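One-letter residues, chain by chain:
2 protein chains.
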Amino acid sequence: MASITKKVSWSSRSDEPGLGEGTPLLNGAGAPRYSRQLSGSGVFPIRRLSTVDLEEDPTAEEESATSHPKEIPHNEKLLSLKYESLDYDNSENQLFLEEERRMSYMGFKCLEISRWVVCALIGILTGLIACFIDIVVEKLAGLKYKVIKEYIEKFTEAGGLSISLVLWALLNATFVIVGSVIVAFFEPIAAGSGIPQIKCYLNGVKIPRVVRLKTLVVKVCGVICSVAGGLAVGKEGPMIHSGAVVAAGVSQGRSTSLKKDFKIFEYFRRDTEKRDFVSAGAAAGVSAAFGAPVGGVLFSLEEGASFWNQMLTWRIFFASMISTFTLNFFLSIYHKNPGDLSNPGLINFGRFESDSVEYNLYEIPVFIGMGALGGLLGALFNVLNYWLTIFRIRYIHRPCLQVMEAMLVAAVTATVSFAMIYFSNDCQPLGQDQAENYPLQLFCADGEYNSMATAFFNTPERSVRSLFHNPPGSYNPLTLGVFTLSYFFLACWTYGLTVSAGVFIPSLLIGAAWGRLFGIMLAYITPYGSIWADPGKYALIGAAAQLGGIVRMTLSLTVILVEATGNVTYGLPIMLVLMTAKIVGDYFVEGLYDIHIKLQSVPFLHWEAPATSHALTAREVMSSPVTCFNRIEKVGTIVDVLSNTSTNHNGFPVVTRVTDGDNDEPGKICGLILRSQLIVLLKHKVFVERTHSRLNQRKLQLKDFRDAYPRFPPIQSIHVSQDERECMMDLSEFMNPTPYTVTQETSLPRVFKLFRALGLRHLIVVDSENRVVGLVTRKDLARYHLGKHGLEELQLAQT
Amino acid sequence: MASITKKVSWSSRSDEPGLGEGTPLLNGAGAPRYSRQLSGSGVFPIRRLSTVDLEEDPTAEEESATSHPKEIPHNEKLLSLKYESLDYDNSENQLFLEEERRMSYMGFKCLEISRWVVCALIGILTGLIACFIDIVVEKLAGLKYKVIKEYIEKFTEAGGLSISLVLWALLNATFVIVGSVIVAFFEPIAAGSGIPQIKCYLNGVKIPRVVRLKTLVVKVCGVICSVAGGLAVGKEGPMIHSGAVVAAGVSQGRSTSLKKDFKIFEYFRRDTEKRDFVSAGAAAGVSAAFGAPVGGVLFSLEEGASFWNQMLTWRIFFASMISTFTLNFFLSIYHKNPGDLSNPGLINFGRFESDSVEYNLYEIPVFIGMGALGGLLGALFNVLNYWLTIFRIRYIHRPCLQVMEAMLVAAVTATVSFAMIYFSNDCQPLGQDQAENYPLQLFCADGEYNSMATAFFNTPERSVRSLFHNPPGSYNPLTLGVFTLSYFFLACWTYGLTVSAGVFIPSLLIGAAWGRLFGIMLAYITPYGSIWADPGKYALIGAAAQLGGIVRMTLSLTVILVEATGNVTYGLPIMLVLMTAKIVGDYFVEGLYDIHIKLQSVPFLHWEAPATSHALTAREVMSSPVTCFNRIEKVGTIVDVLSNTSTNHNGFPVVTRVTDGDNDEPGKICGLILRSQLIVLLKHKVFVERTHSRLNQRKLQLKDFRDAYPRFPPIQSIHVSQDERECMMDLSEFMNPTPYTVTQETSLPRVFKLFRALGLRHLIVVDSENRVVGLVTRKDLARYHLGKHGLEELQLAQT
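Residue numbers (the numbering used here), protein chains in the order written: chain A, 1 to 799; chain B, 1 to 799.
Calculated from the structure, these hints are not laboratory results.
Be a bit skeptical, because a hint or two may be false.
Because identical chains cannot be distinguished in the list, a pair is counted as satisfied if it fits within a single copy or across any two copies.
Claimed, not checked - Straight-line alpha carbon distances no greater than 30 Å define the calculated DSBU-like cross-link-like pairs of lysine-lysine that follow:
| # | residue 1 | residue 2 |
| --- | --- | --- |
| 1 | LYS260 | LYS634 |
| 2 | LYS206 | LYS753 |
| 3 | LYS788 | LYS109 |
| 4 | LYS149 | LYS139 |
| 5 | LYS753 | LYS685 |
| 6 | LYS788 | LYS149 |
| 7 | LYS753 | LYS260 |
| 8 | LYS703 | LYS753 |
| 9 | LYS149 | LYS668 |
| 10 | LYS109 | LYS77 |
| 11 | LYS77 | LYS668 |
| 12 | LYS634 | LYS259 |
Here the structure is a predicted model, which means the values were calculated and not measured.
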């Protein structure tokens, strides 16, 4: 895990020094000053990782470039510069304020109503997508198992079982190849569960293409293929991503991909509003996946929100409610039982209702122990997956390799499953209730079925349910043990493959298996076997522990599990278990999603600044010097700055300079303008001549900015003639005249709090004269993190 | 509801003009400028309520003083100046930063652990208090009903029922008098449920004495008395207040009332940390009251939080969990069934488990209709209670009058109950299960009991449970109708009395009664009576609708009800019902708690600035001119400013003046210092002489500020000699050197967002030269609100 970077370019090399967002810092002036300050107050030595300044050692760059030609520089100690931020703080420029002031009270009421309408639409569409996935997966998987079962039954006595194996492996591999090809070649962002991506989006990081229609289509098809392909995956995680895409699409009232603009919801065409809807979409996704509307809201808040807003929470809640209801309603029709609302989610844990499953006080320590075990196993899972992901990033980054890996996993999964079923001779009598959909007789006597087959020869959702509810004695302890072990490694290998798939269900399944095993063991070793009678209860607790140990959510997961089991009796034990799992797991390694976010070098802002960062102030944190514009700026200058690919700034303070001739003196802040706004201005050629007569007669409106949102053209696509370069541009009307500012002495936690709470993208640092001296962006804050040895600083890299 | 103010003093009258927090505005300069601006952009006329400036019309003041001598100026269009704010933004002065920098990583870990310990203690103590209340109420009420039952049975045939009535009324009145006297004479803040007060506290308003030990003692005793006294009240609401007090006490590691300092948790002695614990305490209270730990967390967030912090949420969750567990554990011991954790909360709705109570799709419109009805009835309740409260504020503000009113209500409640029981001849056969604790035979045949008596002759909690679970046919529709009607008015009259009592249970009871009636009616009028068979289901929905219509919570209430019923099947209908109730109710009038907050003229900050307030900027909103101090200021000046009772400022910008001689020129901002900090400085006499030699050798530490927190002495108690007045005070070390600032052009929504998200108390408005031109405080923002006719401005009054 050496911190190797293939191509790192520091801003101080650029010709026009200055920093906006997307600019590395470590500027010559900042670092020494900062070190001095530290040695002055001198308690926290900050470990600078690989303090070699690449610029001063030009060989380093080449070396790394030659010695690891194929290696992509990924490392959890790096912060990528390729991610931009979203503008969760409104740019309150003159146009915006004028529009707001023109709007009547009724106008705001209508807006509010349309927000609710959008949330209803999000809920309905998310529910329908969930419904579609559920039905298609059920049909495909049913078909597949039926075919294989026929073959197995036909050939078991003939001894030609290998044919069945080949058939099974082939069928699985076919599904998985399809799923993997569309992901790898058409939309790589649709890989995995999508939860890390949505977390980043809600945090304020712009992940390219994450909420596009194409992503949704690939995601939905991909998840159907991977589940039908028998991989150790779930279809629940991807629902969250799907819901988010639906939300982002519906709320904009148009589809850029389909080139269709419905001319509605134009007011919502900015990042702030879109984010709110995406939260609702994610919640609707959880709600449809688990039938857990409250859990969905909490998930959205726990993973995404920064500012708690009551009205927003209610809308999110509304979307979740509609989503689970839609799914329930349509599934009830599909199951030819309209009106019977018993399918609130994709996964159905079945009811835990009988009195036998109540727990007792003396069981609580046992549950806590299981939580600790879950934490340990979860940490192991995460560490293994971490190594695997590092390996994948380094060596399996070509699409065709990725498809081959997915195919391999599919084949291995089928083989392992088959071997397990083949070598196990755990025969159980066929129950009267026919809970198993595809009971395999194999070498069992008539009237019996192979119990290992129920675990493997089924969709994971059904297996989980069987583990929860099958009566005591349905499973042989050895079967469960072997199953746990093999499924653990399969699931770990599978997560991170280039397929759309979630990790919730595999985690639950692993946990349910060892939990049930644990319950059976308890009944064996204790004298009063009867009181531990129900292993299903332990399966549930084990499932919670394992899932908690892997993803490390507590509050939202508790509610999701309670809602999915339909019983609040287990609320307390589930909470305890999840909390224990989190505490134990956090001791070793972070949660799975956070690991993946870190490995992508995403500048993710956590809840608070690192505890020991009070020694740092805005002066050390900020980037400087800053590229500023004058209130009335030459078009040529603007085009040149925007075209400078080495800096690629996104936000520019607008200043009024006191001494016009001497440009070295920083100017007084009077506003902030974004790259996207400048692009629109240039595109519409809103120039004034030196005589201040406006060239372009048409007044630019907010609508022009909204129409361009969110895919602003690159500067290269805008042609500016030599004459036009000599014109001036008056930015006053378009800049945000009241950006937030802090002074240089402000401590890092204070800067962080302001930045995080208000969802800022650029925070201007001024001196006592209100002159711009620096700019703080997301990357400047995200690079400080608390490592094992105190405060560490991540490197910025152009990965 | 005329807006009459007895004593209003505007700041512009004060000798030393200037504004800090707690200063009225409407300054001569601000208003006209603002009106001009409005007529310029001119879309939203802002209604200025009673624009008569009392100062220019001196007779107005006298008139109101003479014509309504006894009248206290309360009006929902006023904003009281008596409420101060809490400092939820840390004052990051040099002392604080030094301490933070000195602290090691382990130090922060220890702090984090002690936070968890405090939360555990909060949970345990809150659970124990709930346990105590529950047991004492049960004992007392049991004793009372037993005595009365004996009397009734003895005298029913002798015809001397009036003796029983008198006895009942007397017993009730005695309890209520005790409860009312301790509240009215010892701690008036303990009246009511305490939820509005805790809402205000979490919002950042300092309600005097709200989290003191004395308040807790009075609250607990008061609630026992009022429940035992048979009033139409619940003991659940007060648990929230109790939990909050426990939290505020435990987290400080000392009791000022008991003069005991444990020298622990000293780090938590500031408003920011205390607020976090109070949130946890409130959640623990809800959790103990309803056995709803998740609901508790959501309640805390919905009613209080502004910034969602994951770690904080988990701690809150932990406290809630411990609280319900403690209650459950000790109640199980009390009920001689240790280990049986079936009493998670004070109220137990009983289990809704049988399949017969499942709902069907076609019932959903019916539920929504019930939600609308609940919203209507809730609005009616609130409007009636609003008028009643206005009446009470005007005429019943002496403690003895308040006690008399409480006594009257107690007697009337007993009389009404008795009359109902007496005149109803709804006899039901005694069930085998003996669900009723005190079945009254009265004039019924042997083996039968009076059904009206089960509703009235019982604690409200038991009545609710009976309505939910008694088999169909237990209640006569007429009985239910009459009961609903009488209990509705009784509960409405009772809420707001000078007793400690909650409104949750009465609301649930009213709703359960009409809900059950509704269910019975449905079964009558529809052809397929059997499908509506279970009236208990409708009782539950009715209870939710009524409670939602009165308090207007949605998300948290859904979860609370789901957790209290122990069944998530009803999650969806309960949500729908609560949402409908809220929408319908909000159309007419606000929620009950908001009404009471408004009637107290509390400067409560809602979630967002009014929608149509973009036309306003910081310039119009701010108070100015501002009283500022120099970095090195004369002690005499400071003492004079602090002693000025007409302004009573709490925060002072510290400035450096460019031209020393001319004081009219506003100085450049360099910090912010609080009244409380200045008081501590004066008390410790940290003066420097003109020669800059420090007089007081002892260096002041953070500990000195913490020891004085939260009851800083008044300025009058600090003696400063004439010599000392001539000394200077160096504020640099103690002021917050990096206060948040905004420019004058910042729009109100932007100011509001900054203020609310960061929990500020003072926000400094500067011009382009960083000179202080104004100060925005809570009252400046809270006074804008959206009325029926657009943006309205509340008046500030020294009530």
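Status of each hint after checking the structure:
For a Cα distance limit of 30 Å, the shortest separation of LYS260 from LYS634 qualifies neither inside one copy, at 36 Å, nor across copies, at 70 Å. When the C-alpha separation of LYS206 and LYS753 is checked against a cutoff of 30 Å, the pair qualifies both within a copy, at 20 Å, and between copies, at 23 Å. When the C-alpha separation of LYS788 and LYS109 is checked against a cutoff of 30 Å, the pair qualifies only between copies, where the shortest distance is 12 Å, while the shortest distance within a copy is 51 Å. When the C-alpha separation of LYS149 and LYS139 is checked against a cutoff of 30 Å, the pair qualifies only within one copy, where the shortest distance is 15 Å, while the shortest distance between copies is 66 Å.
Taking identical chains as interchangeable, the C-alpha atoms of LYS753 and LYS685 are never at most 30 Å apart, the minima being 39 Å within one chain and 34 Å between chains. For a Cα distance limit of 30 Å, the shortest separation of LYS788 from LYS149 qualifies neither inside one copy, at 53 Å, nor across copies, at 69 Å. Taking CA atoms no more than 30 Å apart as the test, LYS753 paired with LYS260 passes in neither setting, with 40 Å inside one copy and 35 Å between copies. For the homomeric pair LYS703 and LYS753, the shortest alpha-carbon distance between copies (25 Å) is at most 30 Å, but the shortest distance inside one copy (33 Å) is not.
When the C-alpha separation of LYS149 and LYS668 is checked against a cutoff of 30 Å, the pair qualifies neither within a copy, at 77 Å, nor between copies, at 83 Å. Taking identical chains as interchangeable, the C-alpha atoms of LYS109 and LYS77 lie at most 30 Å apart only when they sit on different chains, with a minimum of 23 Å there against 48 Å within one chain. For a Cα distance limit of 30 Å, the shortest separation of LYS77 from LYS668 qualifies neither inside one copy, at 36 Å, nor across copies, at 42 Å. With identical chains, the CA atoms of LYS634 and LYS259 are never at most 30 Å apart, being 35 Å at best within one copy and 70 Å at best between copies.
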